[in-house]
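Colleague: Sequence:
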Amino acid sequence: MWKDCLKLQDELVRMRRELHRIPETGVLLPKTREYVEEKLNEYGIPFKENKSDSGLVAVIEGEKGPGKTIALRADMDALPVTEGIESDYKSLHEGKMHACGHDAHMAMLLGAAKVLSEHRPELCGRIKLLFQADEEEVIGAKNMIGEGCMEGVDAVFGTHIGCILSKDIPAGKLVVAPGCIMASNDRFIIKVKGTGCHGSTPEKGVDPVNIAAHIIINLQEIIAREIPAVKAAAVTIGKVEAGFAYNVIPSEVRIEGTVRTLDDEIRKYIAKRIEEISVSTAKTFRGDAECHIEWGVPPVENDKTMAAFAAECAKEVLGEEEVITNIASPNMGAEDFAEYLKLAPGAFMFLSSSNAAKHTDEPHHSPLFNIDEDVLWEGSTVFVNIAERFLAE
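Sequence positions in the sequence shown follow my numbering and run 10 to 402.
Hints listed in this document are in silico derivations from the structure and should not be mistaken for laboratory results.
Note that the structure is a prediction, hence the values are computed from the model and not measured.
Each residue gets a CB set at the ideal place from its N, CA and C atoms; glycine is no exception.
Take the hints with a grain of salt, since some may be wrong.
Pairs of lysine-lysine, BS3-like flavour, derived with a Cα cap of 27 Å [as the list claims (entries may be wrong)]:
1. K277 / K105
2. K137 / K16
3. K351 / K60
4. K60 / K12
5. K182 / K367
6. K12 / K182
7. K202 / K281
8. K182 / K281
9. K12 / K99
10. K176 / K57
11. K277 / K313
12. K202 / K240
13. K73 / K202
14. K176 / K105
15. K151 / K176
16. K240 / K176
17. K281 / K99
18. K277 / K240
19. K137 / K292
20. K277 / K151
21. K313 / K240
22. K40 / K99
23. K200 / K137
24. K60 / K151
25. K137 / K77
26. K202 / K137
Label-pair ranges, simulated between beta-carbon atoms [said to hold, decoys possible]:
27. D273 / Y98: 50 to 56 Å
28. V218 / S289: 15 to 21 Å
29. H368 / E250: 32 to 38 Å
30. W304 / D19: 41 to 47 Å
Turn these sequences into a full structure, and let the hints guide you.
Modeller: Following this line, the structure appears as structure tokens:
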């Protein structure tokens, strides 16, 4: 069955490029969803649209008899990035770009869907195709789950293309490792409140900018002195907003940042300490601080058995030497695929498309990000073999 994917390469490239031209961000992706639905209709695969966003779930029913249910997922959203590469398939939407490979994810899953649908008479059970919106803001998976996409699912698999683990992993290599492979992602917002006044008489007010500076410095102490060196974690301030004039002390400063961890207990501890440090530091300088934690997604934890199964399926179609089954350390990026893995065993895989000669080794979210399209058939092929073997066992 999987060998049928070898004929799809040109079609996969065409779909990827057509999707690349129409990037959309967030939870509402009308043109992207319309494109996916047109392909599903062409393949004769029924689907159900989400009510909360532009996600959808398509179902391929095996005709050989009842059996297990497997879910395969692709994310659909793009990024608010202005594309820096000139090509005949460059983004048509100004200020938006598929700078993370989600266009390729959709193309690979659609390719797999076409092949699996053509072989329905040979399949038992069912295959759910999860086309998810808003992975970038880690909202989409929760929306999908809230609308029932994981009901009855026995296993779930996904793939990320690019050079997310390392640009030194050659294009065409597939990585699938057991255990924790990616970090959690939580956002914190700190509102520092003082008393505004003129910059010439700072003694008449309470300077929230000064307080914010001390909070930012003090937060670094959490990683430096409170988290064991053998436990990976990061606290990063990415946004600071304050003031309206160079010579006026404002009354409020807003600080935003992210926390990444590989351990749920450390994740909770850091959140607690961010609030304690912010509030106490503000009080030290006569101000106040409010801290809000937006819990994002937990670490991505591949099931040991399912990771080994996916690796075995990948080796069968790609060759033993093309599959990597261990990583030196988890990636500190995050993926809301973690939400699916909380509800069913499965594995999240990485398909490298890093090729310096083709300039496809730029980092994700870069205006210069691109993929080596020659590897697209691999993603579809691995999905098909995983689904076929899982439902047959």
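Colleague: Take a quick look at whether K60 and K151 sit within 27 Å of each other, Cα to Cα.
Modeller: Distance of about 13 Å is within 27 Å: holds.
Colleague: Does the alpha-carbon distance linking K182 and K281 stay inside the 27 Å limit?
Modeller: violated, 40 Å
Colleague: Given the hinted pair K313 and K240, is their Cα-Cα distance within 27 Å?
Modeller: holds, 21 Å
Colleague: Keeping to a limit of 27 Å between CA atoms, is the pair of K200 and K137 held or broken?
Modeller: violated, 43 Å
Colleague: Below or equal to 27 Å on CA atoms is what counts here, so check K73 against K202.
Modeller: violated, 65 Å
Colleague: Given the hinted pair K277 and K105, is their alpha-carbon gap at most 27 Å?
Modeller: Cα-Cα ~34 Å, so violated.
Colleague: Tell me if the straight-line CA distance from K12 to K99 falls inside 27 Å.
Modeller: At roughly 31 Å apart (the allowed maximum being 27 Å), K99 and K12 break the hint.
Colleague: Just to be careful, I want the Cα atoms of K182 and K367 compared with a cutoff of 27 Å; is the pair within it?
Modeller: holds, 16 Å
Colleague: I want to verify a distance hint. Is the separation of the beta carbons of V218 and S289 within 15 to 21 Å?
Modeller: holds, 18 Å
Colleague: Between K176 and K57, is the straight-line Cα distance small enough, at 27 Å or below?
Modeller: Violated: K176 and K57 sit about 37 Å apart, past 27 Å.
Colleague: What's the verdict on K351 and K60, does the C-alpha distance respect the 27 Å limit or exceed it?
Modeller: Between K351 and K60 the Cα gap is close to 23 Å, so the pair holds against 27 Å.
Colleague: Please check whether W304 and D19 have a Cβ separation lying inside 41 to 47 Å.
Modeller: holds, 43 Å
The structure fails to meet hints 1, 4, 8, 9, 10, 12, 13, 15, 17, 19, 23, 26 and 27 from the earlier list, while all remaining hints are met.
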